[in-house]
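Peer 1: If you read the sequences in order, they're chains U and W.
Just so you know, the first sequence maps onto residues 4 to 361 in the numbering used here.
Just so you know, the second sequence maps onto residues 795 to 1043 in the numbering used here.
Hints were generated in silico from the structure; no laboratory data involved.
A portion of the hints provided could be inaccurate.
[What the hints assert, rightly or not] Here are the computed lysine-lysine pairs in the DSS-like style, where the Cα-Cα straight-line distance is at most 25 Å: (1) U:Lys240 - U:Lys306; (2) W:Lys982 - U:Lys209; (3) W:Lys953 - U:Lys209; (4) W:Lys983 - W:Lys995; (5) U:Lys49 - W:Lys980; (6) U:Lys199 - U:Lys237; (7) U:Lys223 - U:Lys156; (8) U:Lys209 - W:Lys994; (9) W:Lys982 - W:Lys803; (10) W:Lys983 - U:Lys193; (11) W:Lys995 - U:Lys209; (12) U:Lys209 - U:Lys156; (13) U:Lys209 - W:Lys1033; (14) U:Lys237 - U:Lys283; (15) U:Lys306 - U:Lys237; (16) W:Lys983 - W:Lys994; (17) W:Lys945 - W:Lys983; (18) U:Lys209 - U:Lys283; (19) U:Lys8 - U:Lys156; (20) W:Lys935 - W:Lys983; (21) W:Lys832 - W:Lys935; (22) U:Lys193 - W:Lys995; (23) U:Lys325 - U:Lys353; (24) U:Lys189 - U:Lys223.
[Unchecked claim] Stretch by stretch, here's where chain W covers chain U in the computed footprint (C-beta under 8 Å, at least three residues): (25) 50-58; (26) 62-71; (27) 206-219; (28) 341-352.
[To be verified] To give an idea of the interface, some chain W residues facing chain U are shown, with a C-beta separation under 10 Å as derived from the structure: (29) Val834; (30) His851; (31) His863; (32) Ile873; (33) Leu931; (34) Ile932; (35) Gly933; (36) Ala948; (37) Gly1020; (38) Glu1024; (39) Ile1027; (40) Pro1028.
On a predicted model such as this, the values are computed, not experimentally measured, just so you know.
The beta carbon of each residue, even a glycine, is placed where N, CA and C say it ideally should be.
Okay, here's what each chain looks like letter by letter:
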Amino acid sequence: MKEKKLMKGNEAFALAAIRSGCRFYFGYPITPQNEIPEYMSRELPKIGGSFIQAESELAAINMAYGAAASGGRVFISSSSPGIALMQESISILASVQLPVVILNVMRGGPGIGSIQPAQGDYNQVTRGGGNGDYHVIVYAPNSIQEAMDMIAKAYDVADEYRNPVMIAADGMLGQMMEPVDLPEDKGGIKAGDITKVKPWALTGHKDMRDRIAMNSVWLKQDQLEDYINSYWPKYEKAEQELAEYETRSLQAAEVVFVSFGSTSRITLEAMRLLEREGIKAGLIRPKTLWPFPFHAFDEISAKTKQIISVELSKGQMMQDVKLAVSGRWPVGLISRVGGMLLDPLEIVLKTKEILEVR
Amino acid sequence: MRTVFEYTKGMRDTEMTYCPGCTHGIAHRLIMEVLGEKNVLGSTIGVSPVGCSIVAHRFMNVDMLESPHGRAPAVASGIKRVHPDNFVFTYQGDGDLASIGTAEIVHAAHRGEKFCTFFVNNAIYGMTGGQMAPTTLIGQKSTTCVDGRTKEQAGMPVKMSELIATIDGAVFVERVALNSPGNVRKAKKAIEKAFDVQEKKLGFAFVELLSSCPTNWGLPPVDALGWIKENLIPYYPVKQFRCPQEVSL
């Protein structure tokens, strides 16, 4: 029987990482994700893991870089401005092709911004954030349970693709409590098994093999181009295989909302209110932000007259929605920013405005 | 026939690309020689920095990870958590360690991280073409202080060994110079002690190596060694600042 527990989001995320085999966590305090380093500092030492309270997010992500290169299962968490500080090294993790799972409990921006829930990191997490040609695979949960399941999956995807994977949660998911089924405990990798499980990892050559050197600098530009081209097919594969989404009531929908994360749950409530007023609404909920589920939009019916991106940012996701729509329908935007949340009634009113103007 | 000198196992048989007269070659060789003599090349993981020695992994015959600029001590801290029994070291220049990476080196020392840092101080940015470093001497010319560094404009040169020696977790701190055969021998002794400290898990070990940069100093190699003696050593005294009893013999 599954173990059920009422848990606060941040603690549940940390527990999910540990049960996925994470034994190394490096973090720096930032609201609204502080329960994660607190949980890790208590729990990891009990199971032979390591916790370091880093001197900065820069140090934290680089500790993760060292541990991941050494074959450890690593978890990193932060919130929007902290993730911005980590971007240089996320680019390096992608360049060196190392698996690290990174949780972003998003808050209001730009700049230091606010500490309330927001989705203004959409561009930061889906458009690289760091320099150069790479992608980060991004999951966007809309419940604590789904976040836990996605964290477990993220470890497998990170290992398979040898690439950083990000979970884009938000302050609401981090701070609220929900009943969850605890995931299966996969246990950590034993130090002696690293060379078997991750033969590419730095362990010391033991005079048994040539030395391994991991570098992201290429002083000869033609070699760098060849290197980028050598790993690029994995991103094409990810675009084919990793995009995930959920749809609701698309068939008879006059208006289709596109919404992710906690905002999608508020959008669902707005859909119920609209239905009472005789307006049929559907939903496409991207569960991955990169790769974006472009093919979900092929399921929209001929009856649909309007697409609306519902998000806690100034239409950052709407740009991807427009790419997906490719001019087939008009695209509108309903949004709040800065840490302000959408209310279902506000979504209803703004939807009616958009439909009337049209 | 007795072998009196041979190629160091710790160095890879490849073309050395540092400038003629640069002491990176000596520093590389000393570290690798010590690891070879301790017979631990196979259990060592090194971290190379951003700077001229960004290519250290081409020459050093140990597993190596290249760090973002200044973050090598954080990277090494992560490696040491996964492999606490391996030898781990960072190799960093003065721009990397004493400018962009001051937070990481100070906090790694503070945590008493059980790895070694080799700090190559040649008082200039080499890789980028001779700009002023935090360690550039007063009056020394660089491309960002063409009339010489002044205290008023840039402050006094940073003394990293003295700074690190104030931190409890840094149990071994020594400054050596690579300008003469005698000083090179002393440098090797300091490197040996740094790895002894790590082997005994006593805490953080820091060795500063005063080095030359003939290219960016605008000096012939031999004169550059003289410049270390006449200018660097008077400001940066060659000295053991801290050494635990366990390795002091």
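Peer 1: All hints are to be evaluated individually against the structure, with a verdict given for each.
Peer 2: Here is what the structure says about each hint:
1. Note on Lys240 of chain U and Lys306 of chain U: the hinted pairing is violated, with a Cα-Cα distance of about 33 Å set against a maximum of 25 Å.
2. Between Lys982 of chain W and Lys209 of chain U, the direct Cα distance comes to roughly 24 Å. Compliance with the 25 Å bound is thereby established for this hinted pair.
3. Distance hint between Lys953 of chain W and Lys209 of chain U is unfulfilled; the C-alpha atoms sit about 37 Å from each other, more than 25 Å.
4. For the hint linking Lys983 of chain W to Lys995 of chain W, the alpha-carbon distance of about 18 Å falls within 25 Å, and the restraint holds.
5. Our distance criterion of 25 Å between C-alpha atoms is broken by Lys49 of chain U and Lys980 of chain W, whose separation comes to about 44 Å.
6. For the hint linking Lys199 of chain U to Lys237 of chain U, the alpha-carbon distance of about 23 Å falls within 25 Å, and the restraint holds.
7. Distance hint between Lys223 of chain U and Lys156 of chain U is unfulfilled; the C-alpha atoms sit about 37 Å from each other, more than 25 Å.
8. Using a Cα cut-off of 25 Å, the hinted pair Lys209 of chain U and Lys994 of chain W holds, with the two alpha carbons roughly 20 Å apart.
9. The straight-line distance between the Cα atoms of Lys982 of chain W and Lys803 of chain W is roughly 16 Å, inside the 25 Å bound, and the hint therefore holds.
10. The straight-line distance between the Cα atoms of Lys983 of chain W and Lys193 of chain U is roughly 36 Å, outside the 25 Å bound, and the hint therefore fails.
11. Simply put, Lys995 of chain W and Lys209 of chain U have alpha-carbon atoms about 21 Å apart, close enough for the 25 Å limit, and the pair holds.
12. For the hint pairing Lys209 of chain U with Lys156 of chain U, the CA-to-CA distance comes to about 33 Å; that exceeds 25 Å, so the pair is violated.
13. Distance hint between Lys209 of chain U and Lys1033 of chain W is unfulfilled; the C-alpha atoms sit about 35 Å from each other, more than 25 Å.
14. At roughly 39 Å between alpha-carbon atoms, Lys237 of chain U and Lys283 of chain U are farther apart than 25 Å, so this suggested pair is violated.
15. As the CA atoms of Lys306 of chain U and Lys237 of chain U are separated by approximately 37 Å, the hinted pair breaks the 25 Å bound.
16. For the proposed pair Lys983 of chain W and Lys994 of chain W, the alpha carbon gap of about 16 Å is at most 25 Å, so the pair holds.
17. Taking the CA atoms of Lys945 of chain W and Lys983 of chain W, the gap is near 35 Å; set against the 25 Å cutoff, the hint is violated.
18. With a C-alpha separation of about 66 Å, the suggested pair Lys209 of chain U and Lys283 of chain U falls outside the 25 Å cut-off, and the hint is violated.
19. For the proposed pair Lys8 of chain U and Lys156 of chain U, the alpha carbon gap of about 20 Å is at most 25 Å, so the pair holds.
20. Simply put, Lys935 of chain W and Lys983 of chain W have alpha-carbon atoms about 33 Å apart, too far for the 25 Å limit, and the pair is violated.
21. For the hint pairing Lys832 of chain W with Lys935 of chain W, the CA-to-CA distance comes to about 41 Å; that exceeds 25 Å, so the pair is violated.
22. The straight-line distance between the Cα atoms of Lys193 of chain U and Lys995 of chain W is roughly 22 Å, inside the 25 Å bound, and the hint therefore holds.
23. About 19 Å separates the Cα atoms of Lys325 of chain U and Lys353 of chain U, which keeps this hinted pair within 25 Å; it holds.
24. Proximity of Lys189 of chain U to Lys223 of chain U is assessed by CA-CA distance (about 42 Å); at most 25 Å being required, the pair is judged violated.
25. Evaluation of the coverage hint for the segment 50-58 of chain U: fulfilled, as 4 residues show C-beta separations to chain W shorter than 8 Å, against a requirement of three.
26. Counting residues of the segment 62-71 of chain U whose C-beta sits closer than 8 Å to any C-beta of chain W gives 9, which meets the bar of three, so the coverage hint holds.
27. Check on the segment 206-219 of chain U: 12 of its residues sit with their Cβ under 8 Å from a Cβ of chain W, so the three-residue criterion for coverage holds.
28. Under a criterion of three residues with beta carbons nearer than 8 Å to beta carbons of chain W, the stated coverage of the segment 341-352 of chain U fails, only 0 such residues being counted.
29. The interface hint given for Val834 of chain W is met, as the beta carbon of that residue sits about 8 Å from the closest beta carbon of chain U, less than 10 Å.
30. Below 10 Å, beta-carbon pairs count as interface contacts, and His851 of chain W has one with chain U at about 4 Å; its hint therefore holds.
31. A cut of 10 Å between beta carbons decides the hint on His863 of chain W: the least distance to chain U is about 9 Å, and the hint holds.
32. Because the beta carbon of Ile873 of chain W sits about 4 Å from the nearest beta carbon in chain U, less than 10 Å, this interface hint is met.
33. For Leu931 of chain W, the shortest C-beta to C-beta distance to chain U is roughly 29 Å, which exceeds 10 Å, and the interface hint is violated.
34. Against a cut-off of 10 Å between C-beta atoms, the interface hint on Ile932 of chain W is violated, since the closest Cβ of chain U lies about 30 Å away.
35. Among the interface hints, the one on Gly933 of chain W is violated; its C-beta lies about 33 Å from the nearest C-beta in chain U, farther than the 10 Å criterion.
36. Interface restraint check: Ala948 of chain W against chain U, minimum CB-CB distance 24 Å, threshold 10 Å, status violated.
37. The interface hint given for Gly1020 of chain W is violated, since its Cβ lies 31 Å from the closest Cβ of chain U, which is over the 10 Å cut-off.
38. At its closest, the beta carbon of Glu1024 of chain W sits 34 Å from a beta carbon of chain U; the interface hint therefore is violated under the 10 Å criterion.
39. Restraint check, Ile1027 of chain W versus chain U: the minimum CB separation of about 32 Å is more than 10 Å; hint violated.
40. Taken as an interface hint, Pro1028 of chain W does not check out: its beta carbon lies about 33 Å from the nearest beta carbon of chain U, beyond 10 Å.
Of the hints listed earlier, those the structure fails to meet are numbers 1, 3, 5, 7, 10, 12, 13, 14, 15, 17, 18, 20, 21, 24, 28, 33, 34, 35, 36, 37, 38, 39 and 40, in rising order.
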